[in-house]
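*Asks:* Okay, here's what each chain looks like letter by letter:
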Amino acid sequence: MSLPAAANLEAYRDALGSILTEWNQAERDIKIAEQVSMRVVEPSIKELRYAGRRVTEALRLILSDGADADIIKLLNDADFDCHRARHDAVDAATSRIASVIRAMVESIGYDTMMRVYPEFPKFYHSLRRTRRKIVDSREDRDNRDAIYESIEDVDLKTLVSDFEDIVESEQMMIKMARRERWSKSIVIFVGIIEIGVIVVGLIEIGLHKFG
Amino acid sequence: MRPMAERIRAKEGEMKTIRQFVDWLRVSDYEQAKRQGDADIVSRLSRGNTLSQNGDVLTEDDLQTMSKTADKDMARLEKLIRA
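Protein chains in written order, with the working numbering: chain E, 664 to 874; chain G, 218 to 300.
For reference, chain E alone in the conformation it holds in the complex:
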């Protein structure tokens, strides 16, 4: 790189530094969110891709003496993309946890979950608290970053680690739910047969008496 180009880059040192910080944090969040699901982090990874493209375009303009306003706009957009990648990763991880837990409670049942994972109420309260923070952050735009930072620093890691423990017991819970459903079906089937026998018996008695 020639000296004039390096001097041009120097003018954008702060903007590039800010992008790097945001990018690193986004990558940390994505790594945690990936433990919940590889699929739901796709939008977050795409945001980083857009940021990368904008940084590359900005660098091209810097090296070719492009307009300062265009360069600043591209770097601001890249910074915003990284920022959104962070929020998306946190939102995706917590949304996925809420979605799976809701499906578990609906399909497998709260009682079965409690038998396999007795710490579930504690986990549920922690999930509710984190989601409440995300809801609050929408109303409180000024403190949104601080709220997300507190989720990133404290809640997310614990939540994801507890969720992994629950998922480890998933197959056991499914087997128990399956057994319960079979038992229910057998009880209903036997009940239907019994009612049928009673009805046929009553008809027979009726026919003998009044027929």
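No lab work stands behind these hints, which were simulated from the structure alone. Glycine included, C-beta positions come from ideal geometry on N, C-alpha and C.
To give an idea of the interface, some chain G residues facing chain E are shown, with a C-beta separation under 7 Å as derived from the structure: (1) Val244; (2) Lys251; (3) Ile258.
Lysine-lysine pairs mimicking DSS-like chemistry, simulated, CA-CA at most 25 Å apart: (4) E:Lys838 - G:Lys251; (5) E:Lys785 - E:Lys838; (6) E:Lys820 - E:Lys796; (7) G:Lys289 - G:Lys251; (8) G:Lys289 - E:Lys785; (9) G:Lys289 - E:Lys796; (10) E:Lys709 - E:Lys736; (11) G:Lys251 - E:Lys796; (12) G:Lys251 - E:Lys820; (13) E:Lys820 - E:Lys694; (14) E:Lys847 - G:Lys251; (15) E:Lys838 - G:Lys233; (16) E:Lys785 - E:Lys796; (17) G:Lys233 - E:Lys847; (18) G:Lys289 - E:Lys820; (19) G:Lys251 - G:Lys296; (20) E:Lys796 - E:Lys694; (21) G:Lys296 - E:Lys785; (22) G:Lys251 - E:Lys709; (23) E:Lys694 - G:Lys251; (24) E:Lys785 - E:Lys820; (25) G:Lys251 - G:Lys233; (26) E:Lys847 - G:Lys296; (27) G:Lys296 - E:Lys796; (28) E:Lys820 - E:Lys709; (29) E:Lys785 - G:Lys251.
With beta-carbon atoms standing in for the labels, derived distance ranges: (30) G:Glu248 - E:Glu673: 51 to 61 Å; (31) G:Arg219 - E:Ile851: 26 to 36 Å; (32) G:Arg219 - E:Ser832: 45 to 55 Å; (33) G:Met232 - E:Ala809: 53 to 63 Å; (34) G:Glu248 - E:Ile735: 44 to 54 Å; (35) E:Ile851 - G:Met232: 17 to 27 Å.
Following the hints, put chain G in place on chain E, whose structure we already have.
*Replies:* Below, chain G alone, put in the same frame as chain E:
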């Protein structure tokens, strides 16, 4: 005698009910709900990205409206746990 199309429709209905019952016995509804949940999250978060890629950006209000749909799971979960 019922027309052929009606009989086929009735047969299909029976097959669907049997399939749903077998799925219920196998707890397949859980896997299905998980897949649907993942698809909802990805589509909700991807909308902003797609528009951003085309040079357009969703407003903060649009993004907030989309984010609120994620809270439905928590609301449903709360109802289920309280029940």
